Amino acid sequence: MSALLAIDGLHAGYGPAEVLRGVDLEVGPGEIVAVLGSNGAGKSTLNRAISGVVRARSGSIRFDDAAVTNHKPSAIVARGLIHVPEGRRIFPNMSVAENLDLGSYRRATARRAQNRERVFTIFPRLRERHAQRAGTLSGGEQQMLAIGRGLMAEPKLIILDEPSLGLSPQLVEQLFALIARINAEGLAVLLVEQNVMQSLDVAHRAYILENGRIVMSGSPADIRANPDLRRAYLGL
Amino acid sequence: MLSPVILIPAILNGLLTGAVYALIALGLTLIYGVLHIINFAHGALLTAALFAAYFTQKLFGIDPYLAAFALAPLFFVLGYALQRFVIGPASHGDDRNMLLVTLGLAVIIENALLYAFHADTRTIDVRYSFETIAVGGSFLALPRVIGLGAVLIVALLLWALLRLTDTGKAIRAVAKEKLGAELSGIDVAHIYAMTFGLGTACLAVAACLLIPTYYVNPHVGNAFVLVAFTIVVLGGMGSVPGALIGGLFIGVVESLSGLYLGESLGQIGIFLIFILVLLVRPSGLFGERA
Ligand SMILES: Nc1ncnc2c1ncn2[C@@H]1O[C@H](COP(=O)(O)OP(=O)(O)OP(=O)(O)O)[C@@H](O)[C@H]1O
Ligand SMILES: [Mg+2]
Numbered sequence: 000m001s002a003l004l005a006i007d008g009l010h011a012g013y014g015p016a017e018v019l020r021g022v023d024l025e026v027g028p029g030e031i032v033a034v035l036g037s038n039g040a041g042k043s044t045l046n047r048a049i050s051g052v053v054r055a056r057s058g059s060i061r062f063d064d065a066a067v068t069n070h071k072p073s074a075i076v077a078r079g080l081i082h083v084p085e086g087r088r089i090f091p092n093m094s095v096a097e098n099l100d101l102g103s104y105r106r107a108t109a110r111r112a113q114n115r116e117r118v119f120t121i122f123p124r125l126r127e128r129h130a131q132r133a134g135t136l137s138g139g140e141q142q143m144l145a146i147g148r149g150l151m152a153e154p155k156l157i158i159l160d161e162p163s164l165g166l167s168p169q170l171v172e173q174l175f176a177l178i179a180r181i182n183a184e185g186l187a188v189l190l191v192e193q194n195v196m197q198s199l200d201v202a203h204r205a206y207i208l209e210n211g212r213i214v215m216s217g218s219p220a221d222i223r224a225n226p227d228l229r230r231a232y233l234g235l
Numbered sequence: 000m001l002s003p004v005i006l007i008p009a010i011l012n013g014l015l016t017g018a019v020y021a022l023i024a025l026g027l028t029l030i031y032g033v034l035h036i037i038n039f040a041h042g043a044l045l046t047a048a049l050f051a052a053y054f055t056q057k058l059f060g061i062d063p064y065l066a067a068f069a070l071a072p073l074f075f076v077l078g079y080a081l082q083r084f085v086i087g088p089a090s091h092g093d094d095r096n097m098l099l100v101t102l103g104l105a106v107i108i109e110n111a112l113l114y115a116f117h118a119d120t121r122t123i124d125v126r127y128s129f130e131t132i133a134v135g136g137s138f139l140a141l142p143r144v145i146g147l148g149a150v151l152i153v154a155l156l157l158w159a160l161l162r163l164t165d166t167g168k169a170i171r172a173v174a175k176e177k178l179g180a181e182l183s184g185i186d187v188a189h190i191y192a193m194t195f196g197l198g199t200a201c202l203a204v205a206a207c208l209l210i211p212t213y214y215v216n217p218h219v220g221n222a223f224v225l226v227a228f229t230i231v232v233l234g235g236m237g238s239v240p241g242a243l244i245g246g247l248f249i250g251v252v253e254s255l256s257g258l259y260l261g262e263s264l265g266q267i268g269i270f271l272i273f274i275l276v277l278l279v280r281p282s283g284l285f286g287e288r289a
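Chains A and B are the protein sequences, given in the same order. Numbering follows numbering that gives the first Met the number 0, in which position 2 of the first sequence is assigned residue number 1; successive positions increment by one, without gaps. Numbering follows numbering that gives the first Met the number 0, in which position 241 of the second sequence is assigned residue number 240; successive positions increment by one, without gaps.
By construction, these hints were calculated from the structure, which means they are not laboratory data. This structure is a prediction, so every number in the text was calculated from the model and none was measured. One or more hints might be untrue.
Stated by the list, open to error - Subject to a maximum C-alpha distance of 20 Å in a straight line, what follows is the list of computed EDC-like cross-link-like pairs (lysine to aspartate or glutamate):
1. B:K177 / A:E97
2. A:K155 / A:E30
3. A:K155 / A:D64
4. A:K71 / B:D93
5. B:K175 / A:E97
Pulled out of the complex, with its shape left as it was, chain A reads as follows (with noise of 0.2 Å):
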């Protein structure tokens, strides 16, 4: 099986601050990788390595059998490489429903309605203030929108970047629901969470993160019965 998304000893940082230091991980079609590790890990940094914003200073990514290090953002997230950011970074300016058009600015015009449709199945809630302005939506529905615009794109692969950040238990136990639905209709999922639990929970595998550098990978039954990563991530 090839790996939809590989990443071969990554390094990028910020200035003279390296933040990855040499990271090889792995997404095979249809999975879900969960990417576990304390505040400052880079965790984003990777995210933001992977969909081009910020550069590889060395090493390697390929996402769906072509190489795609430091290309643009927009060229990536044309191949169907979505990267739902930390904090969301909806159009606040603007209305759901052009938030939404924005997301498969990238895609035929034609199957927008479609794909949008498949949204609202998703999010009903999106339909209901598909007019609103999405700056004056609740934080919950602002993530929800965040997640539809990127499934707007038709990805193959999305990155959700802490997406229970900021959700009350009940709608983290909704979102948790969710990425299993969409991971059910074929999209492969790389998720980043503070909730380990419930992402061992929906994981297939996971990656721990520390200091830039992979620790650990494997089975969310090997993380769990890790005693040194049970004390560090678990809390147990």
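Please build the complex by placing chain B with the ligands on the supplied structure of chain A, with the hints as guidance.
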């Protein structure tokens, strides 16, 4: 107090002058709103556009109003190319550097024009330069009335572009949320260049509206841009309706202060307003509060 017989024409004429100011400000505010820089090359590019309008009339006998249909797309392409291939790359990925690059560009363009055409002041002769039309007892200069109409059309087109087209929506998206736009697949370098092109195209139209009644020399653009900058601040940095309304308002202020203080002091009123706005409401009339 002056009688309405003098006041009303002064206000009407102010609106007409203000329309062209508004168009120049529209370009400036659009670029500011999206790229978040003050385009220091705006004045020099206006001068270049005035020369272009001047020479198309002088050399080819093409009426400036007709020339606008060719010069606007031409300057759009010029602006696009400048941002895409000069300003953008020269900024090395740091948007703040773009401001310095536009400053450098202004110096280069002005000096090139000075070298090519010397400091001479030039004008064109068109038969309608001094034609007037009577509106409710006031006599208004025909070229200025045409100018107001043209500016309203351009503003409407720009509004439609920003509201209704994918590119326009992408421009608004980049303006407010650059990272979110990038991650949605919007090519930010392209959108920056589109915006710069649109701003520069506004200057080409403004130049074609100005040249029948105005003159051109290698420095002429700067005076307009100083006024346009006041309008952008008054209307709210980055606000398109603010630039339009602010432009018309500033035109009236200039006309009235010229009336009360004398022609040569007309612009003093503008700068008093500028300072007043900065003191009282720095975010401008339509700007969002910081
Ligand atoms: N734009 C930036 N400029 C400079 N340093 C940055 C920038 N963004 C992140 N960093 C630094 O890089 C390191 C990794 O940050 P990153 O955001 O990738 O961590 P993270 O694992 O996502 O953390 P968190 O769980 O808090 O979101 C941190 O030390 C951070 O301070
Ligand atoms: Mg993070």
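Given the hinted pair K175 of chain B and E97 of chain A, is their alpha-carbon gap at most 20 Å? OK: K175 of chain B and E97 of chain A at ~14 Å, within 20 Å.
Can the restraint linking K177 of chain B and E97 of chain A be considered satisfied, given a maximum Cα separation of 20 Å?
Holds, at roughly 16 Å.
Given hint D93 of chain B paired with K71 of chain A - CA-CA distance at most 20 Å: 16 Å, holds
20 Å Cα cutoff - pair K155 of chain A, D64 of chain A:
12 Å, holds
For the pair supplied as a hint, K155 of chain A and E30 of chain A, confirm whether the alpha-carbon distance does not exceed 20 Å. Status holds; Cα separation ~11 Å.
Checked against the numbered hints above, the structure breaks none of them.
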